[in-house]
Structures are given as structure tokens and as C-alpha cells.
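Top to bottom, those sequences are chains A and B.
For the first sequence, the residue numbers in this note's numbering are 963 to 1308.
For the second sequence, the residue numbers in this note's numbering are 963 to 1308.
Warning: the hint list may mix true and false statements.
Which copy is meant is left open, because identical chains are indistinguishable; a pair holds if it fits in one copy or across any two.
Each computed DSS-like pair below joins lysine-lysine, with the alpha-carbon atoms no more than 25 angstroms apart [unchecked claim]:
#1 Lys1146 <-> Lys1308
#2 Lys1048 <-> Lys1278
#3 Lys1048 <-> Lys1265
#4 Lys1298 <-> Lys1283
#5 Lys1153 <-> Lys988
#6 Lys1296 <-> Lys1048
#7 Lys1278 <-> Lys1146
#8 Lys988 <-> Lys1265
#9 Lys1048 <-> Lys1276
#10 Lys988 <-> Lys1276
Keep in mind that the hints were calculated from the coordinates and are not lab data.
This structure is a prediction, so every number in the text was calculated from the model and none was measured.
Protein chains: 2
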Amino acid sequence: MQEITVSTSNLTYSVKIGRLDKIIHKGKVLVVSNPKIAGMYLQDLLDCIQADEVFVSIVPDGESHKNFESIDKILEVAFESRLDRKSLMIALGGGVISDMVGFASGIYQRGVDFITIPTTLLAQVDASVGGKTGINNRFGKNLVGIFHQPKAVYVNPLYLQTLPKREFSAGVAEIIKMAVCFDKDFFNWLKDNDLNDRDCLEIAIARSIQIKANVVSLDETEQGIRGALNYGHTFAHVIENETNYHTFLHGEAVAIGMRMANDLALKLGLMSVENIKSIDFLLNRYDLNHNYHIKDVESFYDKFFLDKKTQNDKIKFIFPKGIGDVAITDEVPKDKLFETLKKWGK
Amino acid sequence: MQEITVSTSNLTYSVKIGRLDKIIHKGKVLVVSNPKIAGMYLQDLLDCIQADEVFVSIVPDGESHKNFESIDKILEVAFESRLDRKSLMIALGGGVISDMVGFASGIYQRGVDFITIPTTLLAQVDASVGGKTGINNRFGKNLVGIFHQPKAVYVNPLYLQTLPKREFSAGVAEIIKMAVCFDKDFFNWLKDNDLNDRDCLEIAIARSIQIKANVVSLDETEQGIRGALNYGHTFAHVIENETNYHTFLHGEAVAIGMRMANDLALKLGLMSVENIKSIDFLLNRYDLNHNYHIKDVESFYDKFFLDKKTQNDKIKFIFPKGIGDVAITDEVPKDKLFETLKKWGK
């Protein structure tokens, strides 16, 4: 079992990559999952848990259910099961589940521990590490939440064998994001290797988690460099909001957002056409070539202001500087931005 | 202006006692208050604020409104006003308002700063210092929330001139609590002085805040000594829950809870009859002699298990050891506890 360490202000924890072993906890445990994942993997997990008592809460799947109603459902079960401050919550599922369990455990009795067991590629390489938790509301994505670091993360690549192809690709989008922003060697490696190969995939998962762990350890609460992980996300969050979180998986929206960011970076002289082509090449290989039609450029623009990254009414963008480096700026001329938006508005 | 410093893991902040001066903030400010307090003091506060933009949210008053609905109302205004991560929330009101604004600001975009301006005696001496935030639900009091320290606390004793007599007494209950648990000299001083005298009251406020600040600095997240501040509260939370937060003010319920705790402490040999009499003498002087009738001892007992202090199904009690010291224990024989409960059940 491979272990990667994440260091944060209040605690240090491990991301363990490999087959799930025993989870031992002195106290009560509440496992939260969604119907589909529970059907496939809940029993296996329950067999691994040694605790005083184990309870289960099943909440609906999907970004459209990442709301306070689901949090309330999790809390209800926690209260009815009389979980106390020494209890543990476990998230078994994708990013939606880990974001919600991180939040619910963080506000239950002012905070109990939680562990995440990500079952999607996206959650394994990105969402489950770093302590960002939260829910969506009508104003946008992840707008309500807290920083709450997990006690441990268990990444089991075996779960990916049953992952639908679209979800696999959505996860690859975040892997490509990490490489573009932080690691040129990794990017070149991705060009030469196929993530459909299981060994390659495990290498890419470990490398992505290592990048994420480094970034989070440097900047837990996103005062600076951690913001770079939002490459593509400034656009993606608006796209997801406009489509009510129904049309695209998060990683698919991020892929569209990366292309938009690249287009704008080109206009600003930060990227070359060659670099953009090499990113497009990788995205296309994993079918991350979704179209998006911006119906109303003005209203799309307005929605940037609901993003957490927007401060003092300035929109924050993350642009690759070539491959392996990144620029964060809130000084993008509105006319340049509108040129890019209009390109998707035709 | 007198200043008391509170040191916590992530930040150090001041409690400023005296007339409110200027509050300068680069960014947006959202002031949250209740209808009654806003009517009396909002304009004065707005005159003191220098900020880019100032917004106001008014939420209903009282413990029965300290729920997620009110949090949602505050967040709505925050989103509609496009508050960002550099924005500031200000709580103008009693403990209900400061608990809710602390929670709302802590989960808005994963956390923005907040300042509390407590307008009740109880909030000035206790609730506004220490970073405990949260809301009630059908399972009990303050069961959902986070630790979120304010950026500053402004205590203006002038607000107390319009405080209803009952609310004044409720605040005195927490002052007496501090003295009994932590400070024998202060307790004796309380016996010799009348808090209806304005100068005496200001001395008692400062002394209580100093005690609270010391305890919080020692044990921010209540792993040990901070638990002592819950003297009387184990019982009080059940009483408040049984009466739907309508019958008693929090401090009134705490006074009943202190008497119950004292009765049990006497049975356990931790307190003398003389000490109990001297506490009763102080409570009675401020009309803190409310009766409570426990209708069903078993169901009262059951409700202890919803308290955050209950762990591994053991109820945690705080008992004075004489005056000025305290014992925290979760090893109270059930029969002794039932004897005390039955005394209030007659």
C-alpha cells in the first residue's frame, strides 16, 4: 500500500492507495453513500469496519442533490444514532458524497472526524484530498461549506473497474489539469501513455494525489497557489450553474472551461498555439470535447460574480503559462473576456 | 477603552469594552440584527461603519428562531449582496444573533470574518467570546455549528440601559457561574456588591470576560477545562428543549440547572450546604429562582444523551468543588441523578 502525506495547520493525514484493509474505530461510525455505490460496495466496506456500532445513511446521487436537504438527511441519521464527538463519519462515493460528508461531519456538534473512500476517478485524484467541503445552492457551486480535513483517505483503484466511461473521462480532466498547471514531465508522460491501461492509471492517480497534497500542504486555505487548482473552474462553475448541474459531469465542464481559459490565455499572450494543441490532443483522446453554447454572453458574465474566487468585484482567472506553470490574475480586460465568451456564443 | 485579549490557535483578537468607535473595513459589510435591537441601535452602528458598501439583514429574535431557516435568510442576503471572501459580517444583538452570524459567516464561501457587538448582558459576558457558533434543531440546543472565532468583540455597556429586567438577570446567571467555577474572590465581591449599580456592573462584565478569555485561550475546542463553563448547562439544555425554548431565557434555565447540579454535587459529597446557600443567596438576589417541574423523569433523563457533552453514552456533569474550583465527571451513579431529578418531579 502506497501512502502520501498531506500536512495542514491542524493535522497531518495519509492518503492510502491500494486495497481497502481494516478500519478500526473506538466509538460509533456512520457510513454515508449513494444508492448505486452502496449496492456495489457497501457490504465490502462494512466487513472492513471494526467499531462499537455502525450506522448507514444513503443519500441521492448527483450534483443536483448536493444541497442542504441532503446534509439535513445525514445529520438526522447522525442524531437519531446518537453519534457523539468521538464518532466517525465515512464517505463512500464520489466527490458529491465526500463534499457533503466533510461538511456534515464538520458542523455536527461543531465537528467530528471523517474518512473518505472515493469511488470515482475524479474524487480519487482531486476532490477527496484537501479538506474543501460544501454544497451548492441557487447562487452557484460549493458556495456554502467549510475547510474540514479528513482523518484519512483510502484510494482503492479497484472501484474504477465499474466506473462508467463518462465518469472515467471526467476524472481524467482533473488529472490533465494537474499536469498542465504543475508538472511538465507528467504532462509529457500523459502524452506517451494510455490511462485505460490499469498500471498507467495507478501511476497517474498517485502522481495527481502527490501534486494535490503538495499544493494543499503549501496553501491549505487557498490564499495563493492552491487557487491554481481552479484552472478551468471559473468557467466550469458558470456552465454547471447554467445547466442546473444536469447536463455535464463536473470534469466535463472543467474540460470545456480549460479550453475557454486557454483561448483567453492565447489572447493575453500567455500561451502558444502549440501548447493549446497539445492540451486539446490529450482532452480529445479521452472524449473531453463537449460543445457548450453560451446563449446569453452578458448573463454568463454576470454569473462569474457569484464565484468564491471573485473578490472586490474582480473575477479571478487561472491561466497556464506554457505547460507546468500557471498565472493567477484578476486583471483580465473585459473586452478580451467577451471575445472568448462570444466564440462559444455563436 | 479597556481591551482583553483572547488567544486561539489561528488568531488573537480583542474584546473592547467601552463606547463604540469607528469600524473601518476595506470591502463589503453585512450587519445582521433582530427587529427590536435594529430599531434601537442600528442607525448608531451604521454611522460608525466606514466600508465600501454596507448591507443589512434582519432576522427574527429568540432561541426558537435560532435555526437553519434564519441562517438561510442571512446567507440569501449575503449572496444577493455579492459578499466575497474579503467581506465582513457584523452581529448586532444578543447570543442568538452572534451564534447565528458566527455560523453563517463561517460557512459562507468557506468562511469570512465576523465581528460581534453583543447587546445583552449574557452575550457580553459569555456568548460573544470564544468562537462557539451554531443553531438548535429538534434534537436539542447548539447541536449544529462550528468553532469560528470573531475578528473582534465590541462590548458597549450603554446597550444594557434598555435591557429588560429578565434579560439582565439571565446575564447575571452566567456571571455567577463564572465566579462559582473559577474565581472565589470574584464570588465574594459579588456577594458584597450590587450589579444594578452601573460601575459595579462594568467591573463584573470585565472580570467575567477576562475569565472566559483565559479559559478559551487555554482550551479553545473544549477538550478539558472549557467544559467547566457548562456548569448548570447539562440540565439547562434539557429544560430548554422540553419547553421548546419558549418558557425560559437561557440564563434562567442555567440558574435552574445550577441548582440541580448543586443538589447532585451535595449528594456526591462535592459541595457543602453552606456553599449551596451562598450561591442560592446570589441567584435569589437577581430573581433567579424559577421553578421547574419535571413531568417525566425518564424522558428528561433520555434527553441528556442528545447533549454534545455526552460521549460514549456517558453524561458529562460539571460540579463546583466548593467555590472557585470545579470537577468535570461522567461517572455519576444513575440512582443519585434520579434522586435529584425526582426532587424537581414532585
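Against the structure, the hints come out as follows:
1. Lys1146 <-> Lys1308: neither (33 angstroms within a copy, 77 angstroms between copies)
2. Lys1048 <-> Lys1278: between (40 angstroms within a copy, 14 angstroms between copies)
3. Lys1048 <-> Lys1265: So lysine 1048 and lysine 1265 pass the 25 angstroms test across copies only (19 angstroms; inside, 41 angstroms).
4. Lys1298 <-> Lys1283: within (17 angstroms within a copy, 71 angstroms between copies)
5. Lys1153 <-> Lys988: For lysine 1153 and lysine 988, the Cα distance exceeds 25 angstroms both inside one copy (46 angstroms) and across copies (47 angstroms).
6. Lys1296 <-> Lys1048: between (51 angstroms within a copy, 22 angstroms between copies)
7. Lys1278 <-> Lys1146: within (24 angstroms within a copy, 56 angstroms between copies)
8. Lys988 <-> Lys1265: Between copies only: 23 angstroms across, 46 angstroms inside.
9. Lys1048 <-> Lys1276: between (42 angstroms within a copy, 12 angstroms between copies)
10. Lys988 <-> Lys1276: between (48 angstroms within a copy, 14 angstroms between copies)
Checked against the numbered hints given earlier, the structure breaks hints 1, 5 and satisfies all the rest.
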